[in-house]
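J.: Following the hints, complete the assembly by docking chains B, C, D, E and F with the ligands onto the known chain A.
Residue numbers (this note's numbering), protein chains in the order written: chain A, 1 to 377; chain B, 1 to 377; chain C, 1 to 377; chain D, 1 to 79; chain E, 1 to 79; chain F, 1 to 79.
Quick caveat, the hints were computed from the structure, so don't treat them as lab data. Some clues are possibly wrong.
[To be verified] A short list of chain A residues far from chain C (calculated; beta carbon distances all over 12 Å): (1) Lys193; (2) Pro214; (3) Asn252; (4) Ser275; (5) Thr284.
[To be verified] Listed below are the simulated DSS-like cross-link pairs for lysine-lysine, each with C-alpha atoms no more than 27 Å apart in a straight line: (6) A:Lys103 to A:Lys311; (7) A:Lys311 to E:Lys33; (8) F:Lys33 to C:Lys307; (9) E:Lys33 to A:Lys307; (10) B:Lys314 to B:Lys193; (11) B:Lys207 to D:Lys33; (12) E:Lys33 to A:Lys208; (13) A:Lys103 to A:Lys6; (14) C:Lys311 to C:Lys338; (15) C:Lys193 to F:Lys33; (16) C:Lys307 to C:Lys193; (17) B:Lys6 to B:Lys193; (18) D:Lys33 to B:Lys208; (19) B:Lys311 to D:Lys33; (20) B:Lys338 to B:Lys187; (21) C:Lys187 to F:Lys33; (22) B:Lys311 to B:Lys338; (23) C:Lys6 to F:Lys33; (24) D:Lys33 to B:Lys307; (25) C:Lys187 to C:Lys311; (26) E:Lys33 to A:Lys187; (27) C:Lys338 to C:Lys193.
[To be verified] Across the chosen pairs, the derived CB separations fall in these ranges: (28) D:Gln5 to B:Lys6: 53 to 63 Å; (29) B:Lys6 to F:Leu7: 45 to 55 Å; (30) C:Glu77 to A:Val198: 34 to 44 Å.
By construction, the Cβ of each residue, glycine as well, lies at the ideal position given by its N, Cα and C atoms.
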Amino acid sequence: MEGLMKLWSDTGLANFVPGQVVMMIVGALLLYLAIARGYEPLLLLPIGFGAILANIPAAGFTDEGGLLWYVYHVGIETGVFPLLIFMGVGAMTDFGALIANPKMLFLGAAAQFGIFATLFGAITLNFIPGFEFSLADASAIAIIGGADGPTAIFLASRLAPDLLGAIAVAAYSYMALVPIIQPPIMKALTSQKEREIVMEQLRPVSKKEKVLFPLAVLFMTILFLPAATPLVGMFCLGNLMKEAGVVDRLSNTAQNELINIVTIFLGLAVGSKLSADKFLTVETLGILLLGAVAFSIGTASGVMMAKILGKFSKTPINPLVGAAGVSAVPMAARVANKVGLEANPHNFLLMHAMGPNVAGVLGSAVAAGILLAIVGG
Amino acid sequence: MEGLMKLWSDTGLANFVPGQVVMMIVGALLLYLAIARGYEPLLLLPIGFGAILANIPAAGFTDEGGLLWYVYHVGIETGVFPLLIFMGVGAMTDFGALIANPKMLFLGAAAQFGIFATLFGAITLNFIPGFEFSLADASAIAIIGGADGPTAIFLASRLAPDLLGAIAVAAYSYMALVPIIQPPIMKALTSQKEREIVMEQLRPVSKKEKVLFPLAVLFMTILFLPAATPLVGMFCLGNLMKEAGVVDRLSNTAQNELINIVTIFLGLAVGSKLSADKFLTVETLGILLLGAVAFSIGTASGVMMAKILGKFSKTPINPLVGAAGVSAVPMAARVANKVGLEANPHNFLLMHAMGPNVAGVLGSAVAAGILLAIVGG
Amino acid sequence: MEGLMKLWSDTGLANFVPGQVVMMIVGALLLYLAIARGYEPLLLLPIGFGAILANIPAAGFTDEGGLLWYVYHVGIETGVFPLLIFMGVGAMTDFGALIANPKMLFLGAAAQFGIFATLFGAITLNFIPGFEFSLADASAIAIIGGADGPTAIFLASRLAPDLLGAIAVAAYSYMALVPIIQPPIMKALTSQKEREIVMEQLRPVSKKEKVLFPLAVLFMTILFLPAATPLVGMFCLGNLMKEAGVVDRLSNTAQNELINIVTIFLGLAVGSKLSADKFLTVETLGILLLGAVAFSIGTASGVMMAKILGKFSKTPINPLVGAAGVSAVPMAARVANKVGLEANPHNFLLMHAMGPNVAGVLGSAVAAGILLAIVGG
Amino acid sequence: MDITQALSTAANIMLLGMVCVFTFLSILVVAIKLLERFAGGEVEAIPQRKPAPQQGIDNNIVAAISGAVHQYRQSNSNK
Amino acid sequence: MDITQALSTAANIMLLGMVCVFTFLSILVVAIKLLERFAGGEVEAIPQRKPAPQQGIDNNIVAAISGAVHQYRQSNSNK
Amino acid sequence: MDITQALSTAANIMLLGMVCVFTFLSILVVAIKLLERFAGGEVEAIPQRKPAPQQGIDNNIVAAISGAVHQYRQSNSNK
Ligand code: NA
Ligand code: NA
Ligand code: NA
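Same shape as in the complex, but just chain A (with noise of 0.2 Å):
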């Protein structure tokens, strides 16, 4: 009998909290958006599985000796696993369009005001009581805007781990809702005419110009933003063993087994950190609304931007790609075409939108950069 009792005393259902039961479904309803829906399945299946484990009570998963608590320190508190994620991301993307086109990083530098109008709004939502963002916070909140998961993970655990749950899950379900939250606004901000501009051919672009563009972009870095060199290093490294084409086996391996392996504990790990004490909290609820702003300032100062720069240019800009400029690579740039083809069917955006889009992931890495040198030193 003693031993039932002490069965008892340990199951689930003697000692759960109530929060624990509301995270728990939290994270089934992460799982119903990856799984049924197809929302950013590949993070927010493990981030949903991670919250459920994480809120089991009485099993310890994220006490210090538990998994969870391995996971999480092992690889978010020390960095390494969104570094490898974006090295791994480096090694997927081709810089060639922007390459040919360089006036598209314009459109992802002004995607950026999308995070750093969102850090203003963050330090205003101060004013409504509940809300005590430091300028800490602020920053990691607004680089939901930047639209980049890896990015967004590694702000926010400089920053602001205790909200690190909280910011993935936001960026991870913005960057999935993007094929909603875009359009509108890019129409609302475009002429029909406009939508149906067509963009000249782009220039072929030579393997010399695409090995050298990430150590150009490496070492500018280095010259006037050293605080940015983790991420964007590691992103360049990614990107060298790509284009370099003499260490195939270790681009390959950096694009497939070993970006899976930490995608699968990195997501594990962020699922962890969505305990009831941080999630359930009036702060979350404004870190979605400050999200969703982010998202739409970013597509819509991309917009803007892209018809300032079409007054300007010789050949014609598209103001759609403009919206591509905030990144979440590939879903932007797609987003792009889809509604460039709404306007004329015979008019294929895609490969002019991913000069901007992946321009948006290199300015959303300079702008978590700044904010770490000005917020973070």
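T.: Just chains B, C, D, E and F with the ligands, lined up with the frame of chain A:
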């Protein structure tokens, strides 16, 4: 000359302790079983090799800072390696046959009697002078009857790290011996007529059922047996990744590269626990004996349960499939199929035996959770 | 303005130290050699990139908690990375040619004279003011003559961590330069007639011999040179996994994904040791000089030994294959083949040179063990 | 704890363990039956896994490849 | 730091951040133009990646395979 | 330790090292000859690696695949 003396004083020849020689022979025997006999080579080859390395005099593999010391402390002491293996096994497991015929779970449950009877048997051995198994030791030994490697290693690392080497070796050896141990028991307990029973075709199982199944298992484990959630949780994560169909690249990595990498290290780490002072004891003999008993009782109780179940079931049940309830996936299911074919050359039991087979995996993970909760707390 | 000042004070421009600039140029040079010249790109690309990252001012890659700091401490300081690479190389190596013609082991032995002569040479350099190589330093430098990357890194990490960067760079650079360094020496020491010697076809080797070979090597190392067992042991484990034929999935992972992942990190970690204060010293010049000497002496003694051996051998031996005894697998064997073809267009020496080539790997692992035992104890 | 006492504890654990295992797996039987009722019977005749489009990082590869192909064709058609 | 002060800091960061991002990416535009001038225009008509021979560890595989094939042929032709 | 002394130590190590390397590899030559005597000559004409059936975890895959195929066929033949 000084240098020569130093070299000589460092040689294995000058430092060998008899126990180390014996353990190297044990390691070589495991290599022989793995390579020449094909006994569970994926584990027994690295275990045997690890045993040899660990017993090299003056090489320091298992001293602090030695290779095997790192591997053991990083992977086994933390519990991470068996859990990752279990995730990979989950990603390899198809629960379709079990979902189609859930009654088979009773067979998987009955076969766990091998575990609990052996626990009792281990304590009984204490009557013989030389044996002093604590309850924790007895539980760790008993889990050999679960016929599931990662579960046995996980539980042993938690309850009786000193016995880990012997327990893991016994578990994998007997799993390889299933085709020799089980058939006589199966034949002794069944009549020719029973062995000829043809089972009904299984109903098709929907994708939705397969996706929800691991979540249902996890949910129940959370409610009733949190102590089993590390094992069951990682297993269900693997299975969910497989069945979700949206994260195939993660699922493939989990069941290939990741499990392979971990298997190499897990084997070496287990082998590193095969030191003379821990292994060359009368207790190891007891463990080997108890392991054989556990497998036999598990097989017998599975078969008997299948006979009982067949009496009450509307659809016929061939009692041979009960033997597959010990797990030892998929060897035990194949043995059931083979013995069935001997009785009736047109009776293919493989799919029917996969149900109790995977049920046995869940059953022994549950049993491990119960032992952890009662003995380990 | 305050923010701007902070950003500026953090830029690389404001913090550069001349030494860092030079080391970045060294890193860029390594990248150039790897990418444009194809010099051992799998290692020199990550090493070069690591050198650049490690010398970014104020980025903290090599400070405690920085990415490269973690990678170095986890992988090199523990010795784990070179050992895993060695396991993978073992899984890639076919000893068939050596087993068929074991006399070739004498060539692999003779070529190690490059190592020991260089050790003497390094101490001799101490006569020149500015050089102060300890015996440990000299041993670590001498191992460059082993023409084997992981062995050099492993020994240097044990005996002279401060020189690790320079030693690894020298080792891989000279391995890439084998086609330039070796031919003149080979031609100078052999007559046209000797180079034309056609060797007899190798006997077929049974699977059993191939399986037992790594075990025999391990057994002998255990008996006579336990200090070499980490290197030889992991190498033999890899080779056994390959030849056993029952664990192909482990062997494939060891020689693909696992070695690729480790190679990326190993390269970065080695690169992180290329700091100005350690690398921009007169000692580095000495290391580069000694490395070239070591390769040359090793090549010469291999060729000379082949000539001697040919005098006593019943079957003819082309002295060119002796040059392959330095290892640098498989480059040196190819060089022997090429030089042989120049002398006799119908004389294919590749397979015959693979024997001394893999013998050289064993030879330098044995030499490393001897140095560890004498100097490292 | 002497052996007899340990034996009685072991017997207790044996009984308790088997009861728990059976209870647990019995509830799971019920759960699977519920699963069948609410999620079963929707087996599609067409193989199910393939068409499900992978999203997220995978898309990067797809886009990169399609982008590369596109650009390569362009660069060739230019000539 | 009260909210108003924080707001002013945030506004500062917003301004500074956008200026820096634009400056950085503008210089990168220049860098790419320079790249094009010095490294561009050398697009080869033939696909470029394949012929580049992999060296280093990869060679081990190549050699091992070619060695194995060679030996296998020899051992068969012996008979 | 002055340089001359170090030189003499280095010379000692050089001599000792070469002797040891040769001794070690010479014994290995003997070992290989013994291997040939006891394990050689059994080269099979048929390629050897393929038929060796993989066991253990691999079987899980095999069983899972064959199970899936089996079930899929059944579910289709039901209709
Ligand atoms: Na972005
Ligand atoms: Na079991
Ligand atoms: Na060598």
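J.: Now tell me, hint by hint, if it's right for this structure.
T.: Against the structure, the hints:
Every beta carbon of chain C lies more than 12 Å from that of A:Lys193, the smallest distance being close to 41 Å; the non-interface claim holds. The Cβ of A:Pro214 sits about 10 Å from the closest Cβ of chain C, inside the 12 Å cut-off, so the non-interface label is violated. Separation of A:Asn252 from chain C is inadequate, the least Cβ-Cβ distance of about 8 Å not exceeding the 12 Å criterion. Distance check on A:Ser275: its Cβ is at least 25 Å (rounded) from any Cβ of chain C, clearing the 12 Å threshold; non-interface status holds.
Every beta carbon of chain C lies more than 12 Å from that of A:Thr284, the smallest distance being close to 29 Å; the non-interface claim holds. Annotation: proposed proximity of A:Lys103 to A:Lys311 holds, straight-line Cα distance about 13 Å (limit 27 Å). Restraint check: the Cα-Cα separation between A:Lys311 and E:Lys33 comes to about 21 Å, which is no more than 27 Å; the hinted pair holds. With a C-alpha separation of about 22 Å, the suggested pairing of F:Lys33 with C:Lys307 holds against the 27 Å cut-off.
Between E:Lys33 and A:Lys307, the direct Cα distance comes to roughly 22 Å. Compliance with the 27 Å bound is thereby established for this hinted pair. A threshold of 27 Å between alpha carbons decides the hint, and for B:Lys314 with B:Lys193 the separation of about 18 Å falls inside it, so the pair holds. Distance restraint check for B:Lys207 and D:Lys33: the Cα-Cα separation of roughly 15 Å lies within the 27 Å cut-off, and the hinted pair is therefore satisfied. With a C-alpha separation of about 13 Å, the suggested pair E:Lys33 and A:Lys208 falls inside the 27 Å cut-off, and the hint holds.
Note on A:Lys103 and A:Lys6: the hinted pairing is violated, with a Cα-Cα distance of about 68 Å set against a maximum of 27 Å. A hinted pair counts as satisfied when its Cα atoms are at most 27 Å apart, and C:Lys311 with C:Lys338 qualifies at roughly 23 Å. Pair hint C:Lys193 plus F:Lys33 does not hold up; C-alpha atoms about 30 Å apart against a cutoff of 27 Å. In summary, the hint linking C:Lys307 to C:Lys193 is supported, as the alpha carbons are separated by about 12 Å, within the 27 Å threshold.
For the given pair, B:Lys6 sits about 73 Å from B:Lys193 by alpha-carbon distance, which is inconsistent with the 27 Å threshold. Taking the CA atoms of D:Lys33 and B:Lys208, the gap is about 13 Å. The hint holds against a cut of 27 Å. Using a Cα cut-off of 27 Å, the hinted pair B:Lys311 and D:Lys33 holds, with the two alpha carbons roughly 21 Å apart. Taken as a hint, the B:Lys338 and B:Lys187 pair is honoured in the structure, with Cα atoms around 12 Å apart against an allowance of 27 Å.
In summary, the hint linking C:Lys187 to F:Lys33 is not supported, as the alpha carbons are separated by about 32 Å, beyond the 27 Å threshold. The suggested pairing of B:Lys311 with B:Lys338 holds, with an alpha-carbon distance near 23 Å, which does not exceed 27 Å. With a CA separation close to 72 Å, the supplied pair C:Lys6 and F:Lys33 exceeds the 27 Å bound. With a CA separation close to 22 Å, the supplied pair D:Lys33 and B:Lys307 stays within the 27 Å bound.
A C-alpha spacing of about 19 Å is found between C:Lys187 and C:Lys311, which places the hinted pair at or below 27 Å, so the restraint holds. Annotation: proposed proximity of E:Lys33 to A:Lys187 is violated, straight-line Cα distance about 32 Å (limit 27 Å). As the CA atoms of C:Lys338 and C:Lys193 are separated by approximately 16 Å, the hinted pair is consistent with the 27 Å bound. Look at D:Gln5 against B:Lys6: about 56 Å separates their beta carbons, and that is inside 53 to 63 Å.
In this structure the hint that B:Lys6 and F:Leu7 lie 45 to 55 Å apart at CB is violated, the actual value being about 19 Å. Separation of C:Glu77 from A:Val198 is about 58 Å and departs from the stated range, judged on CB atoms against 34 to 44 Å.
Going through the hint list in order, the structure does not satisfy hints 2, 3, 13, 15, 17, 21, 23, 26, 29, 30.
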